[in-house]
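**Q** So the chains spell out like this:
Protein chains: 2
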Amino acid sequence: MMDTRDPQTKGAGRIVISVDAMGGDRGPAAVVAGIAASADKNPDIGFILHGDEQVLAPLIARRRGLSERCELRHAPRVVQMHEKPSHVMRHGEGTSMWSAIEAVRNKEATVAVSCGNTGALMALSMVRLRRLPGVNRPAIACLWPSRNPHGFNVMLDVGADIRADAEDLLQYALMGAAYARNGLALVRPRVGLLNVGTEEHKGRPELRVAGEMIAAAAEAGGYEYVGYVEGVDIPGARCDVIVTDGYTGNIALKTGEGTARLISSLLREAFQKTPMSRFAALLALPSLKRLQKRIDPRRVNGGVFLGLNGTVVKSHGSADATGVSAAVKLAFKLAQSGFQDRLAARVASAVQSGQDAALSEQRNGGAA
Amino acid sequence: MMDTRDPQTKGAGRIVISVDAMGGDRGPAAVVAGIAASADKNPDIGFILHGDEQVLAPLIARRRGLSERCELRHAPRVVQMHEKPSHVMRHGEGTSMWSAIEAVRNKEATVAVSCGNTGALMALSMVRLRRLPGVNRPAIACLWPSRNPHGFNVMLDVGADIRADAEDLLQYALMGAAYARNGLALVRPRVGLLNVGTEEHKGRPELRVAGEMIAAAAEAGGYEYVGYVEGVDIPGARCDVIVTDGYTGNIALKTGEGTARLISSLLREAFQKTPMSRFAALLALPSLKRLQKRIDPRRVNGGVFLGLNGTVVKSHGSADATGVSAAVKLAFKLAQSGFQDRLAARVASAVQSGQDAALSEQRNGGAA
Numbered sequence: 001m002m003d004t005r006d007p008q009t010k011g012a013g014r015i016v017i018s019v020d021a022m023g024g025d026r027g028p029a030a031v032v033a034g035i036a037a038s039a040d041k042n043p044d045i046g047f048i049l050h051g052d053e054q055v056l057a058p059l060i061a062r063r064r065g066l067s068e069r070c071e072l073r074h075a076p077r078v079v080q081m082h083e084k085p086s087h088v089m090r091h092g093e094g095t096s097m098w099s100a101i102e103a104v105r106n107k108e109a110t111v112a113v114s115c116g117n118t119g120a121l122m123a124l125s126m127v128r129l130r131r132l133p134g135v136n137r138p139a140i141a142c143l144w145p146s147r148n149p150h151g152f153n154v155m156l157d158v159g160a161d162i163r164a165d166a167e168d169l170l171q172y173a174l175m176g177a178a179y180a181r182n183g184l185a186l187v188r189p190r191v192g193l194l195n196v197g198t199e200e201h202k203g204r205p206e207l208r209v210a211g212e213m214i215a216a217a218a219e220a221g222g223y224e225y226v227g228y229v230e231g232v233d234i235p236g237a238r239c240d241v242i243v244t245d246g247y248t249g250n251i252a253l254k255t256g257e258g259t260a261r262l263i264s265s266l267l268r269e270a271f272q273k274t275p276m277s278r279f280a281a282l283l284a285l286p287s288l289k290r291l292q293k294r295i296d297p298r299r300v301n302g303g304v305f306l307g308l309n310g311t312v313v314k315s316h317g318s319a320d321a322t323g324v325s326a327a328v329k330l331a332f333k334l335a336q337s338g339f340q341d342r343l344a345a346r347v348a349s350a351v352q353s354g355q356d357a358a359l360s361e362q363r364n365g366g367a368a
Numbered sequence: 001m002m003d004t005r006d007p008q009t010k011g012a013g014r015i016v017i018s019v020d021a022m023g024g025d026r027g028p029a030a031v032v033a034g035i036a037a038s039a040d041k042n043p044d045i046g047f048i049l050h051g052d053e054q055v056l057a058p059l060i061a062r063r064r065g066l067s068e069r070c071e072l073r074h075a076p077r078v079v080q081m082h083e084k085p086s087h088v089m090r091h092g093e094g095t096s097m098w099s100a101i102e103a104v105r106n107k108e109a110t111v112a113v114s115c116g117n118t119g120a121l122m123a124l125s126m127v128r129l130r131r132l133p134g135v136n137r138p139a140i141a142c143l144w145p146s147r148n149p150h151g152f153n154v155m156l157d158v159g160a161d162i163r164a165d166a167e168d169l170l171q172y173a174l175m176g177a178a179y180a181r182n183g184l185a186l187v188r189p190r191v192g193l194l195n196v197g198t199e200e201h202k203g204r205p206e207l208r209v210a211g212e213m214i215a216a217a218a219e220a221g222g223y224e225y226v227g228y229v230e231g232v233d234i235p236g237a238r239c240d241v242i243v244t245d246g247y248t249g250n251i252a253l254k255t256g257e258g259t260a261r262l263i264s265s266l267l268r269e270a271f272q273k274t275p276m277s278r279f280a281a282l283l284a285l286p287s288l289k290r291l292q293k294r295i296d297p298r299r300v301n302g303g304v305f306l307g308l309n310g311t312v313v314k315s316h317g318s319a320d321a322t323g324v325s326a327a328v329k330l331a332f333k334l335a336q337s338g339f340q341d342r343l344a345a346r347v348a349s350a351v352q353s354g355q356d357a358a359l360s361e362q363r364n365g366g367a368a
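So the protein lines, in turn, are chains U and R. Each step along the first sequence adds one to the number in our numbering, with nothing skipped, and position 117 is 117. Each step along the second sequence adds one to the number in our numbering, with nothing skipped, and position 131 is 131.
Hints are computed from structural coordinates only; laboratory data are not their basis. Since the structure is predicted, the reported quantities are computational estimates derived from the model, not experimental observations. One or more hints might be untrue.
The list makes no distinction among identical chains, and a pair is therefore deemed to hold if it is satisfied within one copy or across any two copies.
[Unchecked claim] Subject to a maximum C-alpha distance of 27 angstroms in a straight line, what follows is the list of computed DSSO-like cross-link-like pairs (lysine-lysine):
hint : residue 1 : residue 2
1    : Lys-84    : Lys-202
2    : Lys-333   : Lys-41
3    : Lys-41    : Lys-84
4    : Lys-333   : Lys-293
5    : Lys-41    : Lys-289
6    : Lys-273   : Lys-107
7    : Lys-273   : Lys-293
8    : Lys-333   : Lys-289
9    : Lys-289   : Lys-273
10   : Lys-84    : Lys-273
11   : Lys-333   : Lys-107
Bound-form chain U, shown alone (with noise of 0.2 angstroms):
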C-alpha cells in the first residue's frame, strides 16, 4: 500500500484528495459526477478514489479528461449507514471508507472526504489516522450562514463527542481558529464560547474555568476571545468561531436547519395560496434563487474533522453532485493552504502556553 510518489507532484503540482465513492445515500455515480465537477472547473486537483472497481470504472469513464486526473482504488466493501461504529472500527478494513483514510495516512493524499456514516467515518479515522500530540478529543468543525462578511462561521464541535471539559474545549477554540485562518482566510478569526447568557457569572463552572484557558491562549493561537457567546450569535456577526461541547453543538445545528428548513417550507407555501402570490413569486424567483443560495447547506457542504494526523472531509450522506464538490472544495482548500502542518503546530505550541498561563493563574488565586 505504501506509495512514495509525493502527492503534491503528482501531474504537474497537483493537489491530490482521496475521496471514499461509496456510502452515501446517493451512491457513487453523484460522487463521481461530484468529482468530475470539481476536476473541471480547477486544473490543480487530482484524486483517489476508492470503492468497487467494476461499478466505478465505467462512471469514470464517461466523463471526459478524469481518468487522467483520478487513480482507481479497488475495495470490495461499502460501510453500511446503519453500522455501529465500534464494529466498523474492528471489522472495517477492505472497505471503501477505510482505503479512502489509508490514503491520508500513507501521505498518498493531502485530505479524505466521504459521505458515508459519520459515526464510522470518526472511529477510522482515529484509529488509522490517530489524534495530534496534544489533542485529547477530535472534534467536528461545520461552518454556518452568518451575517459577517465573509458570510460564515465555524461552530465546533457538532457531534465527535457529546462531551468535552475545559481543556477540550480550549482545543476546540486552537483548532476552530486554525480552521477560521485556512479555511475563510481570516487574519485573526475572534472565538467565542457559547454559553446561556453573556454576563461572566452565567453557566457551568466548567465554561468559566474554559474561559479563562482561551483567554490566556489567545496570542500564541492567533485569535482574539470575546468571551460568552448565545444561540443568537452562532448565525450572528460577534464571532467567527463558536466554540461548544458536541452534545449542545450538535443540538444547536439541527435546531438552525430544521428551522431553516421551516420557514422555507412556509416561504413557499405562502407564495402558493393566492395566484396574485404565485405571479409574484415567478418575479421574485431570481430573488429567492440567490437567498438559496446563500444558505443552502449544500453549498457549506462538509464538517471537517480536526484533531487528527491527517484532515478529513464528512459530506452529507444526502450529497448529490453539487453538494460533493462543494466538499471536494473545501477539502482542496484546506490542503492547498498547508492547513493540517499548521494546525498541528498551533496546537502544540498554544496548548502548552494556554496550560501554563491557566496554571500560574490557578497558583496565583486567580481562578477556580
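Keeping the supplied structure of chain U fixed, place chain R upon it in accordance with the hints.
**A** Just chain R now, kept in the frame of chain U:
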C-alpha cells in the same frame, strides 16, 4: 394584603390576570396599551396592574373602559434588567414584580404576567409561590412555530436552570404535556426527549434513565412518549413537547431565533436587490406578511414558568403592545382551563407512578 374576594367572580365571572406594568424595555405605556387591547377583545378578562400609581393612573384613564376592568396597585420600586436574581430575591419587596406575584400568591389573580428581568422573576416566583409538591426544579416552557397542525410545539426547560437530572426531565415531561393539553388543546400530547440521535444507544447516560422514567409515566401523565428526538424535530411534527435541560433548551431557542432573524434579513436584502425584485416584493407583500405573522415571535410571546404554586408568564423584555397582549391571551387561556390545578394533580400522581415503575424496573434488572 389578603383579599378574600374570589377572583373568578370579580366583575361577573371575569378571570383576573396580575400584570407587572414596569420593568419592560418599552416602559409602562406599552404594557397598558397591551392590556387595553386584550380588554377590548375579551370581555371575560380583568386585571390587577402593579407599578407607579402616578405614572399608571393617567395611562389607564386614557383608555376607554379600562379603569372598570383594571385595579391599580401601587408599587414604588422597579426591578432593573441588570439586577442579579439573588439580590432581587432578598431586596425585592416593594417592586412591581414582587407585587404582581403576590396577587397570585394571595389567590386574587390566577396568573401573573411580567416583561421584566427573567432571572429575577424566576427567583421571586420560587421564593413567594414555592415549588409544587413533587417538583425539584421549576422550568420555563416556550412555544415554538412548528409543522404540526396546531402550529406550535412546546419546549422546556429553556433556561430556568442549567442543570437537570433524570427525575427533573421526567417532571418536565409531565409539566410540558399538561401545558400542551391546556395551552394547545391537545388531548394526548406526544413527548420527545432531546438528544443527538434517535438511536437508543446515543447520548449521555442520564438521558437513557430519563427516557425509561418518561416512558413509564406516560399512562399516568396522559401523554405518548415518542423516544429521542433531534434538533430538527423542535420545529418539526414528530412530537408536540420537547423535553431538555435548561442549558441546551436555552441555546436551541436562541439558535432558532437567530436563524429565523438571519433568514428574514437575507430575504429583505434579496428583495431589495433590483427594481424587478422590489416590484415582486410589492406583489408578494400579502404572502410575506402571512409568513411573518406565522413566525412572528411577538405572537407566541410568553415563556411560562411551570412547577410552582401559581402560573407566571414571562413576556419578552422588548414586547410592544402586540406582544403584551399575546402574553395576556396565553395567561387567560391557561387560567380559563384550570391549568394550574390540573398540572398539580397530574404531577402528584404521575411522578409517583413513574418513580414506582422505574424503581420496580430497576429492581427487576430492567434498567440501569
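**Q** Indicate, hint by hint, whether the structure satisfies it.
**A** Structure-based check of all given hints:
Taking identical chains as interchangeable, the C-alpha atoms of Lys-84 and Lys-202 lie at most 27 angstroms apart only when they sit on different chains, with a minimum of 11 angstroms there against 37 angstroms within one chain. For the identical chains of this complex, Lys-333 and Lys-41 are intra-copy neighbours only, at 13 angstroms inside a copy versus 59 angstroms across copies, given an alpha-carbon limit of 27 angstroms. Taking the shortest Cα distances, Lys-41 and Lys-84 never come within 27 angstroms of each other, neither inside one copy (37 angstroms) nor across copies (57 angstroms). For a Cα distance limit of 27 angstroms, the shortest separation of Lys-333 from Lys-293 inside one copy, 20 angstroms, qualifies, whereas the shortest one across copies, 42 angstroms, does not.
Taking CA atoms no more than 27 angstroms apart as the test, Lys-41 paired with Lys-289 passes inside one copy only; the shortest distance there is 22 angstroms, against 41 angstroms between copies. Taking the closest pair of Cα atoms, Lys-273 and Lys-107 never come within 27 angstroms of each other, the shortest separation being 56 angstroms inside a single copy and 47 angstroms across copies. For the homomeric pair Lys-273 and Lys-293, the shortest alpha-carbon distances inside one copy (24 angstroms) and between copies (15 angstroms) are both at most 27 angstroms. When the C-alpha separation of Lys-333 and Lys-289 is checked against a cutoff of 27 angstroms, the pair qualifies only within one copy, where the shortest distance is 26 angstroms, while the shortest distance between copies is 41 angstroms.
Proximity of Lys-289 to Lys-273 under the C-alpha cut-off of 27 angstroms is found in both arrangements, the shortest distances being 19 angstroms within a copy and 12 angstroms between copies. When the C-alpha separation of Lys-84 and Lys-273 is checked against a cutoff of 27 angstroms, the pair qualifies neither within a copy, at 45 angstroms, nor between copies, at 48 angstroms. Taking the closest pair of Cα atoms, Lys-333 and Lys-107 come within 27 angstroms of each other only inside a single copy of the chain (17 angstroms); across copies the shortest separation is 65 angstroms, beyond that limit.
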